[in-house]
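Protein sequences, first through last, are from chains A and B.
First residue of the first sequence: 1, per the numbering used here; consecutive thereafter.
First residue of the second sequence: 1001, per the numbering used here; consecutive thereafter.
Just so you know, the hints here were simulated from the structure itself, not pulled from any lab data.
Please note: incorrect hints may appear among the correct ones.
As the list claims (entries may be wrong) - With the Cβ distance kept under 7 Å, some of the chain B side facing chain A (calculated, not the full set):
| no. | residue |
| --- | --- |
| 1 | T1054 |
| 2 | D1063 |
| 3 | T1064 |
| 4 | A1079 |
Claimed, not checked - Now the stretches of chain B that chain A is said to cover, found in silico as 3 or more residues with beta-carbon under 8 Å:
| no. | stretch |
| --- | --- |
| 5 | 1014 to 1025 |
| 6 | 1067 to 1078 |
What the hints assert, rightly or not - Label pairs and their computed distance ranges (CB to CB):
| no. | chain 1 | residue 1 | chain 2 | residue 2 | range |
| --- | --- | --- | --- | --- | --- |
| 7 | A | E315 | B | K1008 | 44 to 54 Å |
| 8 | A | T241 | B | K1008 | 11 to 21 Å |
| 9 | A | G222 | B | T1005 | 41 to 51 Å |
All figures in this text were calculated on a predicted structure; none of them were measured in a lab.
Beta carbons: idealized from backbone N, C-alpha and C, even for Gly.
Each chain, written out:
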Amino acid sequence: MSDIKFSKEELERYSRHLIIPEFNIEGQRKLKAARVLVVGSGGLGAPLLQYLAAAGVGTIGIVDFDVVEDSNLQRQVLFTQKDIGRAKVDAAKQRILEQNPHIKVITYNTTFTSENALEIAADYDLIADGTDNFPTRYLVNDVSVLLKIPNVYASIFRFEGQVTVFNHVDAHGNTGPNYRDLFPTPPPPGLVPSCAEGGVIGVLPGILGSLQANEVIKVITGVGEVLSGRLFLFDALNFETRTLKIAKDLDNPLTGKNPSLTKLIDYEQFCGLGIDKKEKKRENVKGIDVETLKKWLDGDEDIQLIDVREPFEYEIVNINGKLIPQSEVLEHVDEISSKNKVVIHCRSGKRSADVIEILQDKYGFNNLYNLEGGILDWVDKIDRSLPKY
Amino acid sequence: MRKFTDNKEKIVTSVESVGDSILQLGTLHPDLNKHLFKDDGALQTFLKIYLGDTDIKVLQNEDTPVKDGDVISIIPAIAGGKQ
Chain A
1 MSDIKFSKEE
11 LERYSRHLII
21 PEFNIEGQRK
31 LKAARVLVVG
41 SGGLGAPLLQ
51 YLAAAGVGTI
61 GIVDFDVVED
71 SNLQRQVLFT
81 QKDIGRAKVD
91 AAKQRILEQN
101 PHIKVITYNT
111 TFTSENALEI
121 AADYDLIADG
131 TDNFPTRYLV
141 NDVSVLLKIP
151 NVYASIFRFE
161 GQVTVFNHVD
171 AHGNTGPNYR
181 DLFPTPPPPG
191 LVPSCAEGGV
201 IGVLPGILGS
211 LQANEVIKVI
221 TGVGEVLSGR
231 LFLFDALNFE
241 TRTLKIAKDL
251 DNPLTGKNPS
261 LTKLIDYEQF
271 CGLGIDKKEK
281 KRENVKGIDV
291 ETLKKWLDGD
301 EDIQLIDVRE
311 PFEYEIVNIN
321 GKLIPQSEVL
331 EHVDEISSKN
341 KVVIHCRSGK
351 RSADVIEILQ
361 DKYGFNNLYN
371 LEGGILDWVD
381 KIDRSLPKY
Chain B
1001 MRKFTDNKEK
1011 IVTSVESVGD
1021 SILQLGTLHP
1031 DLNKHLFKDD
1041 GALQTFLKIY
1051 LGDTDIKVLQ
1061 NEDTPVKDGD
1071 VISIIPAIAG
1081 GKQ
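Pulled out of the complex, with its shape left as it was, chain B reads as follows (with noise of 0.2 Å):
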């Protein structure tokens, strides 16, 4: 994904949930949006969204507040391994 945020790994955003950050990097980086986001704006369910080092489905789901300091990661599936 990095391709799309100028190879930077790490993005700071200042919103108070989990979702709104995301939508805000997909704002900051456009080109990100279609990797993000279904055509419904649901999240890709091949994503996964951690805070800190817990997934967000066990929080609150994109509603999981956020506070200064967080780290928000977007894990992708990878399959690669034997080519």
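In isolation and in its complexed conformation, chain A is listed as follows (with noise of 0.2 Å):
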């Protein structure tokens, strides 16, 4: 290690770091020699990564497909107004290399899958996850897993976020539980909605990630006492916190007592997100595009258009439909045509078929449509003046 060395103005710029007694020059040159992935470059990865360039964390990988939107500045603090329409990779790589040139970022602009995350976090000492879907976070658990890494972990929703380090080997070489310890199964889709669909209070990744942050630091120094096998909870709302014991699942299928995962699975397919989606092309639900939405409402043809999304969405966007939210259809169902072709609509498509099969089930609807894509394809295709969210 002691042949990392720094230029001056390298040891000028960590000065804070070399005069704490436990940390010093040891600990910024296990800073320097660190390769850290972080996944996911959003709300946690906007603190995450600026801290950890900040802090002189030597080669900083970053994994994201995406690139920026207007709904992301509301908590993503490391991308700008006019990063808009950039490849967050690219946007973030930038501005924490104008943070910190003394650092190295390697970019991979593409989802994080089965197929390339082996390869990709092959490279690193670490992997922080800072995803928003549940197939992704057991992804990143089992490559953190096979490949001997630990996993930075924190994940919020609303004002609730939840910080850990899984497969952490403390220094008597005892491995800490990962994911699959706390939560061997995901939940069912639909139930717990994403932050996309469910809102995040903005500071909450910032306070998260920078927590994460904090834990990576800690980990690469061995500095202090990781996170691990202790789950950190924080309320926003009512500013409690609180520290729980991760216990290990003998049952965990990568390191219970008869692991039966070897290899990367297909985890969409794991999280039922497969099936969905073989489901959402259910035959018995009628698509239409908003294409044909425009031309069935511009025509001299009835259309009955109902919207099934919840008051608050109504009032951010809406195109005039009938608001009738998804819990309460079946006792306003009376005021559904029979006979009009009925177009029924959410924010991306999921819930309007939903209610369109219940519909069809118990009353047998035959005139119902669901509007492919929602509000936010009418949005994009047809009227580029609404907002989206």
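Combine both chains into one complex, guided by the hints.
If you want it as structure tokens, here you go:
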């Protein structure tokens, strides 16, 4: 490690680390030698990347397939108005290199998948998970276990956050629990909304992502007591914090008594999403695209348009559909035409398809059409003056 | 889950085991049941149940006895972070 040298500029930049007795230049050398892969450069990734870059982590990899959108800027403070439309990895790389030109940043403008994950992560000493969905959470976990590298984890929802360090080997050589010890199975699709569906308070990823960055730095430098085997919970609404113990699960398919998982799997299918996608193409639900709806609305035929989103969503943007939230549809079934064509829509087309299926099953409707892509597609293809959310 | 408990984050139950306490929670707030239990009545596996700071799976699972003042926590899996 002593072969890691610093320039005068670097020594000055990192001086506040160097003068912490238990951190000192040894800690800084470890940071400079470290290679950290950050998966997801959004809400959690923003503080993570900025603090890791500022702290002098020598090599930072960033995986993200996404582009910067308006709705990101409420919390993804890595990006500015000018970055809208740019690949997140490019905008992130530019920003953190401006912050610290002494580090190396490698970008992967792609989805992290079972096909590429091991190859990408093999070059790194640690993964920081800043993703936003269950399949990728399990994928990151399994990659970290298979490659024997720690996984510094944080996740958030609305006002709540969770942080821990998975798969961490302590000074005695004992490996801590991993994600599958904590949550052996994911929730069924649709039961737990994502941030895109359920929302998140903008500061929350800043808080949790900063805690995550702190754990990354502790794991790398060996300073302090790593949050391994413990789950930190933060509730921003009532400012309650708790730390719970994570117990190992003997049935863990990777690290339990009888391991059955030795390679990566299809995580979409594991999380029930593969099946869900097939179900989406349910032959019994007739779908139309937004262009067809536009033609129908402009034509002479009477078309009933029903919006099954929530009132607060309707307030953000609507296309003059009759508002009947999904949970109230059965109570208002008498208001749905059984003669005219009825187009039902939601935000992206999933809830409306569910509603149609129930209405057809229970009441035998045969005049219902699902607006595929929902109001989001309408905004993209028909009326760009409307806001997306 | 709070939207099913009139936004209360803490509910007081008066029973003798963790399992009974969660059953009582479901009785007090029936809309919670489908989030707490699978169709066969078993607890959902994506929820972690803690007594104090300890996972009930290393205690006596749902049969873990509780006494006055104990805190049972239901910790759901959440996945947000990027979007």
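To see whether the hints hold, each was checked on the structure:
Because the closest C-beta pair between T1054 (chain B) and chain A is about 6 Å apart, less than 7 Å, the hint holds. Contact between D1063 (chain B) and chain A, as hinted, is not supported at the beta carbon level, the nearest pair being about 17 Å apart and thus beyond 7 Å. Because the smallest distance between the Cβ of T1064 (chain B) and any Cβ of chain A comes to about 13 Å, over 7 Å, the interface hint for this residue is violated. This hint holds: A1079 (chain B) has a C-beta 5 Å from the nearest C-beta of chain A, less than the 7 Å allowed.
Check on the stretch 1014 to 1025 of chain B: 0 of its residues sit with their Cβ under 8 Å from a Cβ of chain A, so the three-residue criterion for coverage is violated. Here the stretch 1067 to 1078 of chain B counts 5 residues with a CB under 8 Å from a CB of chain A, which clears the bar of 3, and the coverage holds. Range check, E315 (chain A) to K1008 (chain B): Cβ separation about 26 Å, and the 44 to 54 Å hint is violated. Remark: the range hint 11 to 21 Å for T241 (chain A) to K1008 (chain B) is upheld by a beta-carbon distance near 19 Å.
The beta-carbon spacing between G222 (chain A) and T1005 (chain B), approximately 43 Å, falls within the hinted interval of 41 to 51 Å.
Violation of the numbered hints given earlier is confined to hints 2, 3, 5, 7; the remaining hints are satisfied by the structure.
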